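In my numbering, the protein residues as written are 22 to 188.
Simulated from the structure, these hints should not be mistaken for lab results. Some hints could be false.
With a Cα cut of at most 20 Å, we get these calculated EDC-like pairs of lysine to aspartate or glutamate [what the hints assert, rightly or not]:
#, residue 1, residue 2
1, 94, 58
2, 66, 121
3, 94, 44
4, 66, 92
5, 66, 133
6, 54, 171
7, 148, 33
8, 94, 65
9, 88, 74
10, 119, 92
11, 88, 58
12, 54, 173
13, 88, 121
14, 129, 58
15, 119, 74
16, 129, 173
17, 150, 121
18, 129, 44
19, 115, 92
20, 148, 173
21, 54, 44
22, 150, 171
23, 154, 171
These numbers come from a predicted model, not from an experiment.
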Amino acid sequence: MSSLIYLQGYPETLLTQVQVLIDQQRLGEVLQKRYPDTHAINSDKALYAYALDLKNRHLRNAAPLNKVAYDNKIKVMKHALGLHTAVSRVQGGKLKAKAEIRVATIFKQAPEAFLRMIVVHELAHIKEKQHNKAFYQLCCHMEPHYHQLEFDTRLWLTEQALHGNVG
């Protein structure tokens, strides 16, 4: 099951079910049926507005977002779907912090639900740095179906890799 690199850590029974879908060449069909629509968030400006809207709805008291952008340098194969950075600089006598989110460019072609999952994940890192219980609770607060979307995003990435669309 070497084609299931995005699904490492999931139970063997689940991986077997996914492998059956791949062998039957039905994985793409199943995902297309579940997530038929893509999104129109194709520019960095639109992505920033999208992320800011989610942040304002769920994390009003968190640090402001300074930049949100697609990044074609993020290599999904290296297990990064998005990145968050917090940069602190001293300006005069004050400490200024900047929060940035970068999303892998492949998500320009993804269903909106998968883009939302990535943005929610990176937004949660503004408040919780580690992948701990509080982090995942925050993700589920912002997106109640977070865990299902994370799994389905991994399925979608598996399907993209089978067709050579991920690098």
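For each hint, the structure was consulted:
no. : hint      : result
1   : 94 - 58   : violated (26 Å)
2   : 66 - 121  : holds (13 Å)
3   : 94 - 44   : violated (31 Å)
4   : 66 - 92   : holds (13 Å)
5   : 66 - 133  : holds (16 Å)
6   : 54 - 171  : holds (17 Å)
7   : 148 - 33  : violated (33 Å)
8   : 94 - 65   : holds (15 Å)
9   : 88 - 74   : holds (13 Å)
10  : 119 - 92  : holds (18 Å)
11  : 88 - 58   : violated (26 Å)
12  : 54 - 173  : holds (12 Å)
13  : 88 - 121  : holds (5 Å)
14  : 129 - 58  : holds (12 Å)
15  : 119 - 74  : holds (18 Å)
16  : 129 - 173 : holds (16 Å)
17  : 150 - 121 : holds (13 Å)
18  : 129 - 44  : violated (27 Å)
19  : 115 - 92  : violated (30 Å)
20  : 148 - 173 : violated (25 Å)
21  : 54 - 44   : holds (18 Å)
22  : 150 - 171 : holds (18 Å)
23  : 154 - 171 : holds (16 Å)
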